[in-house]
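**Student:** Take a look at the letters that make up each chain.
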Amino acid sequence: MAEFPKISPLGDRGILVKFGGDISENLLEEVLYYKNILENSEFKQKVEVVNTYTSLLISYMFTIEDVYGEVLRVKRLVSGANIPKNNKYKIFSLPVCYDEEFGLDLQHISEQNNLSIEEIIQLHTAAEYRIYFTGFLPGFLYLGGLDEKLKISRKKSPRKSVEKGSVGIGENQTGIYPKNSPGGWQILGKCPVELFNKNEAIPSPFSAGDKIKFEAISKEDFYKIRDEVQSGNYSLKYHEHEG
Amino acid sequence: MKAEIEVVQPGLFSSIQDLGRFGFQKYGVPHSGVMDRYAMRICNLILGNSQEAAVLEITMQGPQLKFSAPTRICISGADLSPQLNGKAVSLNELIYISEGDVLKFAGRRSGFRAYIGISGGFRTEKLMDSRSWYEGLTEEFRLLKGMKLTYKAEEFSDIETHSSLKIDSEYLAEDEIEVYPGPEFSQLSFTQKNQLFNSLFSTNEDSNRMAVQLKEGLKNELKPIITAPVLPGTVQLTPSGKIIVLMRDCQTTGGYPRILQLSEYGIQVLSQKLPGENLSFQKKDYLEF
Chain A
1 MAEFPKISPL
11 GDRGILVKFG
21 GDISENLLEE
31 VLYYKNILEN
41 SEFKQKVEVV
51 NTYTSLLISY
61 MFTIEDVYGE
71 VLRVKRLVSG
81 ANIPKNNKYK
91 IFSLPVCYDE
101 EFGLDLQHIS
111 EQNNLSIEEI
121 IQLHTAAEYR
131 IYFTGFLPGF
141 LYLGGLDEKL
151 KISRKKSPRK
161 SVEKGSVGIG
171 ENQTGIYPKN
181 SPGGWQILGK
191 CPVELFNKNE
201 AIPSPFSAGD
211 KIKFEAISKE
221 DFYKIRDEVQ
231 SGNYSLKYHE
241 HEG
Chain B
1 MKAEIEVVQP
11 GLFSSIQDLG
21 RFGFQKYGVP
31 HSGVMDRYAM
41 RICNLILGNS
51 QEAAVLEITM
61 QGPQLKFSAP
71 TRICISGADL
81 SPQLNGKAVS
91 LNELIYISEG
101 DVLKFAGRRS
111 GFRAYIGISG
121 GFRTEKLMDS
131 RSWYEGLTEE
141 FRLLKGMKLT
151 YKAEEFSDIE
161 THSSLKIDSE
171 YLAEDEIEVY
181 PGPEFSQLSF
191 TQKNQLFNSL
201 FSTNEDSNRM
211 AVQLKEGLKN
221 ELKPIITAPV
231 LPGTVQLTPS
241 GKIIVLMRDC
251 QTTGGYPRIL
261 QLSEYGIQVL
271 SQKLPGENLS
281 FQKKDYLEF
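So the protein lines, in turn, are chains A and B.
The opening position of the first sequence corresponds to residue 1 in full-length UniProt numbering, with each subsequent residue numbered one higher.
The opening position of the second sequence corresponds to residue 1 in full-length UniProt numbering, with each subsequent residue numbered one higher.
Keep in mind the hints are simulated off the structure, nothing from the lab.
Note that this is a predicted model, so its numbers are computed, not measured.
Do not take every clue at face value.
[Unchecked claim] Listed below are the simulated DSS-like cross-link pairs for lysine-lysine, each with C-alpha atoms no more than 30 angstroms apart in a straight line:
no.: 1; chain 1: B; residue 1: 284; chain 2: A; residue 2: 75
no.: 2; chain 1: B; residue 1: 283; chain 2: A; residue 2: 179
no.: 3; chain 1: A; residue 1: 18; chain 2: A; residue 2: 90
no.: 4; chain 1: A; residue 1: 198; chain 2: B; residue 2: 126
no.: 5; chain 1: B; residue 1: 283; chain 2: B; residue 2: 223
With the sequences and hints as input, model every part of the structure.
**Tutor:** Here you go:
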């Protein structure tokens with residue numbers, strides 16, 4: 001945390017803030033602290049700020065007129081202060097059906113990692129996963145916190161189409177496919193909840209810094225929840241964490 | 001009378017675009033928007049539209065369009081030999097449209113992407129503050145035969161003479177792409193840097209609004225990076241040595257080293273390159289920080 005972030009232009013419509021260090025919850029907290037400061041600062045033109053594990057990118061709607069001055073201004077905003085510990089975040093509970101009909105690679109994970117299917121489900125649902133950011137596809141969450149024992153390589157040849165809602169593991173990451181797409185992750189279940197709704201003013205309820213916990217459900221419940229989601233009667237379960 | 005354009009023939013690939021989606025990257029939504037912002041600006045300036053008014057972006061082979069109501073349009077960017085009711089019309093000038101007029105394109109002369117602006121802008125679907133089409137997100141993503149595009153009908157009692165605007169079309173033939181060093185540029189070897197700035201590259205057939213891939217690679221030993229932000233214009237180097245220039249519909253994050261970053265002008269120039277055309281990178285430096 002002692003290391004000062006490196007601030008430089010990215011082309012003539014972006015400024016990149018790169019923090020030193022590897023992926024960690026502490027660094028995420030620092031990144032999100034400055035993201036919040038930047039989001040609440042006035043800029044001469046419309047900007048948006050996104051974060052990844054170790055970076056912040058401010059992207060500008062138009063070419064930046066005075067790049068030098070702008071970098072200096074961002075430097076002043078992203079400096080110094082003692083970062084207060086942020087203990088306020090949401091914990092979402094996401095239902096996942098780990099039935100073998102959906103968990104296409106459960107058997108493979110079981111053999112590779114020497115775990116019973118029950119153990120896989122137990123480990124996958126025990127952890128609380130931190131949302132680092134959304135990227136790759138609309139609504140795709142980058143989650144941290146996968147149990148080491150579940151770590152597994154991606155499939156040698158990716159599937160041409162992984163179904164929307166599929167929950168998978170690739171190396172030390174776990175995540176949910178927000179829409180049908182090609183993919184190489186090992187699939188262990190399916191989540192009936194919509195992760196991204198393009199017609200909502202806020203298309204996704206999840207923010208960087210929030211947490212996710214998976215809850216194992218039966219096939220019966222999977223279809224019940226899916227129907228509720230489709231008819232608009234499902235509300236996502238979450239609670240606020242404070243303190 | 002309903003003011004709409006009927007797509008008689010769709011051409012190669014056309015889509016409605018504006019300045020793109022802004023404020024939704026945090027949900028993983030791409031920016032999108034016109035590839036060549038300069039050409040869009042010309043259209044909207046000449047028409048007296050607001051700068052964000054949606055235009056039709058046309059790739060290489062133009063569509064055939066029939067107008068149901070009077071309006072004014074302007075065509076800019078690539079010269080694809082536009083014709084109104086069979087008669088050639090100029091680029092970068094106001095074109096008056098009457099009910100039943102048919103616009104078509106007789107063949108490419110220069111550039112790769114042309115733009116049709118229309119008085120008041122296209123009034124097509126708006127999603128997340130933008131009318132830009134993007135596959136998987138918007139209802140439509142490419143122009144199809146029989147499709148109807150709505151606009152606002154306008155009667156013009158007297159035909160105005162517009163003040164002439166100085167238009168630079170030379171970028172259409174330019175082959176130098178203006179780039180800044182990217183975040184991982186310094187990790188490249190001396191030889192790699194040398195090759196980047198002293199070789200001719202050419203664009204691949206697979207190129208589209210998401211990315212322009214180059215045929216020629218760069219011998220590479222750089223490893224992937226921790227997933228990090230990318231922007232349109234980011235040049236990635238894959239582990240196998242492929243060079244990928246991300247364009248307007250690119251994803252929001254990426255895991256390949258970001259070796260270069262195109263300037264806005266660089267994106268404009270690259271947007272007008274045909275697959276197979278040669279290009280070289282021209283390095284532009286930031287001021288020292």
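**Student:** Among all the numbered hints in the text so far, which are the ones the structure does not match?
**Tutor:** 2
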